[in-house]
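Undergrad: Protein sequence lines, in the order shown, are assigned to chains A and B.
Going by the working numbering, the first sequence opens with residue 1453, and the numbers climb by one from there.
Going by the working numbering, the second sequence opens with residue 10, and the numbers climb by one from there.
Where hints are given, some of them may not hold.
[Said to hold, decoys possible] With the Cβ distance kept under 10 Å, some of the chain A side facing chain B (calculated, not the full set): (1) Val1551; (2) Glu1553; (3) Ala1600; (4) Asp1956; (5) Thr1960.
[As the list claims (entries may be wrong)] So these bits of chain A aren't anywhere near chain B, every CB distance computed over 10 Å: (6) Ala1632; (7) Thr1880; (8) Asn1924; (9) Thr1989; (10) Glu2002.
[What the hints assert, rightly or not] Now the in silico label distances, taken between C-beta atoms and shown as ranges: (11) B:Asp145 x A:Glu1726: 35 to 45 Å; (12) A:Ala1512 x B:Lys94: 54 to 64 Å; (13) A:Asp1515 x B:Pro143: 10 to 20 Å; (14) A:Lys1486 x B:Leu240: 42 to 52 Å; (15) A:Ala1512 x B:Pro25: 43 to 53 Å; (16) A:Ile1460 x B:Asp145: 39 to 49 Å; (17) B:Asp53 x A:Asn1903: 55 to 65 Å; (18) A:His1772 x B:Pro143: 17 to 27 Å; (19) A:Thr1880 x B:Glu122: 31 to 41 Å; (20) B:Asp131 x A:Thr1564: 18 to 28 Å; (21) A:Val2040 x B:Pro143: 34 to 44 Å; (22) A:Lys2031 x B:Pro143: 57 to 67 Å.
Worth flagging that the hints you see were computed from the coordinates, not collected in a lab.
Every residue, glycine too, gets a C-beta built ideally from N, C-alpha and C.
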Amino acid sequence: MAAGVRSISFDAVIVGGGGSGMRAALQLAQSGYKTAVITKVFPTRSHTVSAQGGITCAIASDDPNDDWRWHMYDTVKGSDYIGDQDAIEYMCSEGPQAVFELEHMGLPFSRTENGRIYQRPFGGQSKNFGKGGQAARTCAAADRTGHAMLHTLYQGNLRNNTVFFNEWFAVDLVKNQQGAVTGIIAICMETGETVFVESKATVLATGGAGRIYASTTNAHINTGDGVGMALRAGFPAQDMEMWQFHPTGIYGAGTLVTEGCRGEGGYLINKDGERFMERYAPNAKDLAGRDVVARSMVLEILEGRGCGENGDHVKLKLDHLGEDVLNAKLPGILELSRTFAHVDPVKEPIPVVPTCHYMMGGIPTNVHGQAITQDASGTDTIVPGLFAVGETACVSVHGANRLGGNSLLDLIVFGRAAGKFLEEHLRTAQEETPASESDFEQSMSRLNRLNNSESGEPVHLLRQELQGIMQNTFGVFRTGDNMKEGIAQLAGLRERVENVRLEDKSQTFNTSRIEALELQNLFEVAESTAIAAEIRTESRGAHARDDYRERDDENWLCHSIYFPADKRVGKRDVNFKPKTVDTFEPAVRSY
Amino acid sequence: MLVSIYRYNPETDAKPSMQEIEVEIPADKDLMVLDVLELAKQKDPTISYRRSCREGVCGSDGMNMNGTNGLACITPVSEAAGPGKKLVLRPLPGLPVVRDLVVDMSVFYKQYEKIKPFLINDNPAPAIERLQSPEDREKLDGLYECILCACCSTNCPSYWWNPEKFIGPAGLLQAYRFLADSRDTATAERLAELDDPFSVFRCRGIMNCVAVCPKGLNPTRAIGHIRSMLLAQGT
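Bound conformation, chain A alone:
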């Protein structure tokens, strides 16, 4: 053990106190394992709180004949066929039970006249495998579903006496000589103390990394800490080129306006007041997949039909729904629009623009949350001791494009699944060899370097530069030449980010230290995104290239898998073998 570093020990440590982390923690706390949640913000400040529209799940409230297989079909199609069908099958079929459990725990869902959970239409939803028209499958608590879910999960954990380490920041994984993860190095932010948190199972539930882009719906805290930790420890990341741009971020501010607005009957208009989605997606219109809608918006803008002085955004029209509906169904949106767009949606449309929203890629895992890597021959192997759930994981249920309402479902289904798996696993798991002195030194090296920094550039300038590169080069539309240039710029940035200056060396609640560590995580995520994006020479889902406009199933009906040691991108098979239904074969994806 490294000198001067205190050590604490648990059966399982969960890094992250958002939806997936707290769902996993709840499962383990209920079964009596010594579990700790390490979270850099008080749990109810996690970004799950910002989810608005709902959680998609075939609970058969709106349509008594709804079927999870229809939801599965939509999700496979939405993923542009690189979502793993065994994982999607698991999510869609287990979903109803997981949602009912949340309701029993107290989640204040909106209700239908007969007292069941209210469901609203969302993008990419259908009945009867795409043949039965629009479905309404997204369970909602007004437009504050994420808030309601996160608070309910925190409350459930309080009831079950989960141990929380609030405002502790996870710095790096600790890995032994056999390549097993034996815990993490963490900082208690209030005191500045560095602690080794030893554990038989380390569950990364650190959420997304939307802050790699200049314009994002994501919170300041979404810095890809889990992916950064995994990559630095030498583990791979999957499908990192797949970033979702949400069609409706508020122009200028980036804050999210839920897809539920369009689900409730709102629609997008260009400067001529035309409902342009009727041209791009004649059937689903404004409720086509998010990738399709975002691209259509950018095309409208590029072709000179954007709104405003600079013609650089479009508008979301809601006023025709009437004040009563807006107050009842979308109260949070009224609030956000008035605050950030200075627009009252009851009277006028909201200026919106596609905005970075969600990381479909992440740490590859199986349905139990076990992290996966590949051996020299390209065969999948399990990383002992390491798990990942939620946005930081790539199971993959979202493939190349996530459907709205599927992220909250992902969080609770796979948080729960990892918890259930660990209940069994912890009973039988063998003790791993403890990490050695040199293993600790490895894990402490980044923090030590930062704490001793004397020269270098300040965090905020490096962060702005990084976000600029990503925004300009890896946005809604991408081209090979630009991406090569972007990769070169990132290569030049790496050393500067590693040498970032920490002026403030104090211990007590030093947020500058945390921001510097976060910047380095952002960089790891950005670099893996850039390299994977340049290599995938096709357009699929959210990855749209001007120089390769078609989907190329012959070469790219697969995951990309990025190995940090040699910055190599390999291909990994997509699962096409669901257990209880027939395979959904790749087809032309139209809405």
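Chain A is fixed; fit chain B onto it per the hints.
TA: Here is chain B on its own, set in the frame of chain A:
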């Protein structure tokens, strides 16, 4: 514009002080206070504060702006300071300061935990959700939206006097959220635990909580409902 920020680092400062920083802000934009704070931190990286969602839903950046509690991320500078005036930022009042604008919220969270902020219903759960009519669900509106930012409780004189014994507006709002939930079966025991001279009855109806709640909620009304319930059960 001139920003005055409360500074205190227990490692280096014997006592707190106010630091004045000149921050250049674009003339045509009405920034949020949090944006100004970010600009100030670029000039002096040793300033510490909490922030996360930057859209008023996570409750991290509750602070006192020119004398009024609120969320920095959804308070425009024009509203906090007024045109041409100095922006004055202090930590939420009444809680111990950890550093700068970061306060120790343990007591606040303890009061929240005290009211058992979770649904209690020990009847066997049905195979689907528990049913609830839209009318019953509507009773939770104005209650469940609380984001635990502590703007209300730290604006309450009764809470300043008795932070250990008076639950405070935030905790009581949540107490009523569960009392009002048609699915909760623990009404009697919840009321019994609140039935003392301090937990609820230290509220003097000052309504400072209502005045500052960034979500527009009304803890005083919720407290009134709890009082009525306590009185109705005739203890």
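Undergrad: State for each hint whether it applies.
TA: Comparing the hints with the structure gives:
1. About 8 Å separates the beta-carbon of Val1551 (chain A) from the nearest beta-carbon of chain B, less than 10 Å, and the hint is met.
2. For Glu1553 (chain A), the interface hint holds, the least distance from its beta-carbon to any beta-carbon of chain B being 8 Å, beneath 10 Å.
3. Taking 10 Å as the C-beta contact cut-off toward chain B, the hint placing Ala1600 (chain A) at the interface holds, the least distance being around 6 Å.
4. This hint holds: Asp1956 (chain A) has a C-beta 4 Å from the nearest C-beta of chain B, less than the 10 Å allowed.
5. At a threshold of 10 Å, the smallest CB-CB gap from Thr1960 (chain A) to chain B is about 5 Å, leaving the interface hint in force.
6. At roughly 33 Å, the least C-beta separation between Ala1632 (chain A) and chain B is larger than 10 Å, which holds for a residue marked as non-interface.
7. Under the 10 Å C-beta cut-off, the non-interface status given to Thr1880 (chain A) relative to chain B holds; the minimum distance is some 30 Å.
8. Annotated as non-interface, Asn1924 (chain A) keeps its C-beta farther than 10 Å from every C-beta of chain B; the closest such distance is 21 Å.
9. In this structure Thr1989 (chain A) is separated from chain B by more than 10 Å, as the shortest Cβ-Cβ distance comes to about 37 Å.
10. Annotated as non-interface, Glu2002 (chain A) keeps its C-beta farther than 10 Å from every C-beta of chain B; the closest such distance is 38 Å.
11. Between Asp145 (chain B) and Glu1726 (chain A) the beta carbons are some 43 Å apart, a value that agrees with the proposed interval 35 to 45 Å.
12. Between Ala1512 (chain A) and Lys94 (chain B) the beta carbons are some 57 Å apart, a value that agrees with the proposed interval 54 to 64 Å.
13. Checked against the hint of 10 to 20 Å, the pair Asp1515 (chain A) and Pro143 (chain B) passes, with Cβ atoms roughly 19 Å apart.
14. Hint check: Lys1486 (chain A) to Leu240 (chain B), Cβ distance near 45 Å, so the stated range 42 to 52 Å holds.
15. Checked against the hint of 43 to 53 Å, the pair Ala1512 (chain A) and Pro25 (chain B) fails, with Cβ atoms roughly 58 Å apart.
16. Hint check: Ile1460 (chain A) to Asp145 (chain B), Cβ distance near 45 Å, so the stated range 39 to 49 Å holds.
17. Roughly 20 Å separates the CB atoms of Asp53 (chain B) and Asn1903 (chain A), a value that falls outside the hinted 55 to 65 Å.
18. Checking the proposed 17 to 27 Å range against His1772 (chain A) and Pro143 (chain B) shows it holds: the Cβ atoms sit about 23 Å from each other.
19. Checking the proposed 31 to 41 Å range against Thr1880 (chain A) and Glu122 (chain B) shows it holds: the Cβ atoms sit about 35 Å from each other.
20. Asp131 (chain B) and Thr1564 (chain A) have their C-beta atoms about 26 Å apart, which keeps the hinted 18 to 28 Å range intact.
21. Taken as a hint, the range 34 to 44 Å holds for the pair Val2040 (chain A) and Pro143 (chain B), whose Cβ atoms sit roughly 42 Å apart.
22. Range check, Lys2031 (chain A) to Pro143 (chain B): Cβ separation about 38 Å, and the 57 to 67 Å hint is violated.
Checked against the numbered hints above, the structure breaks hints 15, 17 and 22 and satisfies the rest.
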